[in-house]
Amino acid sequence: MDELPPFNWSEAATNWQFAPVVTAFTAVVAVAYLWGVLRVRRRHPRRPWPLRRTIPFLLGLLVINAATQSGIGTYDDTLFWDHMIQHLMLLMIAPPLLVAGQPVTLLLHASRNPLHTGVKRIVRSRPVAWLTWPGFVVAAYAATVVGTHLTGFMNLVTGYDAVHEAEHVLYLVVGYLYFLPLIGREPIKWKVSYPLRLFLLFIAMPVDAFTGVVLGSYQTDPFVPMEPRTWGPSPVSDLHEGGAVMWIGGAAIMFVVIMVTFFQWTRETRSSAAMGWLEAARRVSMAERIAESSPAGPAGDPARNGTQGASPRLTDVDEDDDQLAAYNAYLTRINSHGSDGGSVG
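Letter by letter, the sequence shown follows residues 1 to 345 in the UniProt record's numbering.
Derived from the structure by calculation, the hints contain no laboratory data.
A few of these clues could be false.
[Said to hold, decoys possible] Simulated DEER-style distance windows between Cβ atoms: (1) 16 <-> 131: 28 to 36 Å; (2) 261 <-> 189: 53 to 61 Å; (3) 190 <-> 50: 19 to 27 Å; (4) 224 <-> 43: 47 to 55 Å; (5) 190 <-> 235: 42 to 50 Å; (6) 52 <-> 16: 40 to 48 Å; (7) 269 <-> 248: 25 to 33 Å; (8) 260 <-> 234: 24 to 32 Å; (9) 269 <-> 163: 43 to 51 Å.
Each residue gets a CB set at the ideal place from its N, CA and C atoms; glycine is no exception.
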């Protein structure tokens, strides 16, 4: 392999390497997501899928492409500190953007049975509940950060392209699972309180800091040498710079996520306080109408659904997928009854 030119940000912006698998995967995911957005718009023109979800999701896909195919990806086998920037992009930037896009919720809103029922069954299954348990995702995040940077795994990444590509997938999966219950609004089992969310986000910062400090403390490079070059920092200096990227960059990104979560919490608290009794009465009335109009039988039997004798749910249809589906079904039944009544002269 020919030696790359000295790194600069102009090279990072222009020296792209085409990765067909990454390009094809992100393109298919983007098209599928936008198809879901259009389908929801057609089915519910008064309640289209919001841009505040679409834009972050597409940005997350763009970050994946930039991390693997831009100059960041081109130099990831040559400069260790560049390698660490790529890790942060795949582990801490792309995943929260994808989570903010709520792709599972979009799929549920855009799909019909049997796909809708199948997706909901999977999301609420025991394996998914275990994989998204907050205790597990925090442990998986910590093990991934430490295990892929402070062990012999780094030598495998340097020596084998397949391991390097698998590492990228690992970061995306672990990052997505980590942020899903902490900043996401998907219909998973775990509804984590805001104080616990902030705590679980905060305790990830020492993991990044510890990893960065250890990398910065090495007096010799313990890993297999990267691609040869005649320019740039020495291997040990490069390693120290990579440790600084992990420590400072990881802390900065996590701080931003924590602040966004905190502002979400304060906004929802103010909104709940301002809602007052009138909004509460509206939600009670809405829940009662939905419950009264639900059809009996296998799909709507109160005893079967565990709602017999229960109070109406007071959740907002905007934030609860089951309530939204029931509300849409309620409107459909009203429209059908109105059409039947309107035909009588």
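Consistency of the hints with the structure:
Distance hint check: the CB atoms of residue 16 and residue 131 are about 34 Å apart, consistent with the given range 28 to 36 Å. For residue 261 and residue 189, the hinted distance range of 53 to 61 Å is not satisfied, since their beta carbons lie about 20 Å from each other. A C-beta distance of roughly 23 Å is found between residue 190 and residue 50, which places it inside the suggested range of 19 to 27 Å. Checking the proposed 47 to 55 Å range against residue 224 and residue 43 shows it holds: the Cβ atoms sit about 54 Å from each other.
The hinted window of 42 to 50 Å between residue 190 and residue 235 holds, with their beta carbons roughly 43 Å apart. For residue 52 paired with residue 16, a C-beta distance near 30 Å fails the hint of 40 to 48 Å. A hinted range of 25 to 33 Å holds for the C-beta pair residue 269 and residue 248, which are about 32 Å apart. Between residue 260 and residue 234 the beta carbons are some 38 Å apart, a value that contradicts the proposed interval 24 to 32 Å.
Look at residue 269 against residue 163: about 46 Å separates their beta carbons, and that is inside 43 to 51 Å.
Violated hints, listed in ascending order, are 2, 6, 8; each of the other numbered hints is respected by the structure.
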